[in-house]
Each structure stands twice: as structure tokens, then as C-alpha cells.
Amino acid sequence: VRQYPLACVDAATTHFNEMRTFQIHYSDRVGENYFAAHDKKHKWWYFPEMISDEAMLIKQWDNFGSIAKGMDTDKELATFALHSSLFDASAPADSVDRESIEVRCVVI
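Heads up, the sequence shown is in my numbering, so the first residue is 121 and it goes up one at a time.
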């Protein structure tokens with residue numbers, strides 16, 4: 121996957137005050153999620169050469185994470201992983217776009 125590869129922010133470079141909460145309205149409840157405001161200090165990692173038989177596990181939430189415990193930063197243990205895809209201007213024009221499937225599970 122060369123175009124729109126998956127990218128994650130190093131949790132140690134984020135702060136809770138950069139998070140923007142938004143609501144997700146379901147038929148039976150209202151959930152919350154986060155966007156992050158841009159900060160030049162964010163360290164991004166991206167994966168431009170993933171192939172179709174590779175997968176990435178992304179932490180959605182950890183109650184033991186530093187931010188979940190009320191700290192401003194996740195330098196000790198990540199609460200979640202901010203992630204997105206990105207346009208890669210260096211990718212060849214005929215690059216195949218990323219396809220993805222999201223599966224959530226609970227680990228106890």
C-alpha cells in the first residue's frame with residue numbers, strides 16, 4: 121500500500137489538552153471519541169509498504185494508561201493510539217489505495 125498508508129502518533133509526544141472530544145450518536149446510546157489538534161512535536165510513524173497479508177493492532181483504550189489515570193501525557197503507558205491514513209506525495213501515481221477493515225475486541 122503506497123497511497124494513503126496507515127500512520128500512528130507516538131503517544132509519548134501527545135498531551136491530553138490537544139485532544140478534542142466528539143460524540144458518536146447511535147440508536148441506543150451516545151459514545152465519545154477523540155481528534156487531536158496539530159502539534160509540531162507529534163512524532164508520526166507511517167507504514168507505506170504494508171501488504172495485504174499484514175495486519176496492525178492499534179490500542180483503542182487502556183484504563184491503565186497515563187491519560188486515563190488523569191495525567192496530561194502518555195509518556196509512561198499509552199492510553200490509546202491516535203491513528204489515521206495520509207496522502208503520500210512521494211507515492212507513484214498508479215499506487216493502489218489502502219483498503220482496511222476494523223475489528224474491535226476486548227482483552228482482559
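To be clear, the hints were calculated from the coordinates, so they are not data collected in a lab. One should not assume that every hint holds.
Restricting the straight-line Cα-Cα distance to at most 30 Å, the calculated cross-link-like pairs of lysine-lysine (DSSO-like) are [as the list claims (entries may be wrong)]:
1. Lys189 - Lys160
2. Lys195 - Lys160
3. Lys189 - Lys163
4. Lys179 - Lys163
Ranges of calculated distance between the beta carbons of each label pair, as one might list FRET restraints [what the hints assert, rightly or not]:
5. Glu152 - Ile228: 29 to 37 Å
6. Leu197 - Arg149: 41 to 49 Å
7. Ser147 - Lys195: 13 to 21 Å
8. Asp148 - Leu197: 27 to 35 Å
9. Cys225 - Asp173: 16 to 24 Å
10. Asp208 - Ala156: 19 to 27 Å
11. Asp217 - Glu196: 18 to 26 Å
12. Leu197 - Arg218: 43 to 51 Å
13. Ser147 - Leu206: 17 to 25 Å
14. Ala127 - Glu152: 20 to 28 Å
Only a predicted model underlies this, so the values are computations on that prediction, with no experimental measurement involved. In this text, a Cβ means the ideal position worked out from N, Cα and C, and glycines have one as well.
> Lying within 16 to 24 Å: is that true of the beta-carbon distance Cys225 to Asp173?
Replying inline: holds (20 Å)
> Falls inside 18 to 26 Å, the C-beta gap from Asp217 to Glu196?
Replying inline: violated (36 Å)
> Is it true that the CA of Lys195 sits at most 30 Å from the CA of Lys160?
Replying inline: holds (17 Å)
> Quick one: are Asp148 and Leu197 within 27 to 35 Å, going by C-beta?
Replying inline: holds (32 Å)
>> Between the beta carbons of Glu152 and Ile228, is the distance compatible with 29 to 37 Å?
In response: For Ile228 against Glu152, whose Cβ atoms are near 22 Å apart, the range 29 to 37 Å is violated.
> For the pair Ser147 and Leu206, does the Cβ-Cβ distance stay inside 17 to 25 Å?
Replying inline: violated (32 Å)
> Between Lys189 and Lys163, is the straight-line Cα distance small enough, at 30 Å or below?
Replying inline: holds (22 Å)
> In this structure, is the beta-carbon distance linking Leu197 and Arg218 contained in 43 to 51 Å?
Replying inline: At roughly 29 Å between Cβ atoms, Arg218 and Leu197 fall outside 43 to 51 Å, so the hint is violated.
> Does Lys160 lie within 30 Å of Lys189 when you go C-alpha to C-alpha?
Replying inline: holds (25 Å)
> Within 30 Å, alpha carbon to alpha carbon, are Lys179 and Lys163?
Replying inline: Answer holds: Lys179 to Lys163 is near 17 Å, not above 30 Å.
> Do Ala127 and Glu152 keep their Cβ atoms within the hinted range of 20 to 28 Å?
Replying inline: holds (22 Å)
>> Against the range 13 to 21 Å, how does the distance between the Cβ atoms of Ser147 and Lys195 compare: consistent or not?
In response: Since the Cβ atoms of Ser147 and Lys195 sit about 39 Å apart, the hinted range of 13 to 21 Å is violated.
Hints 5, 6, 7, 11, 12 and 13, counting from the list given before, are not met by this structure.
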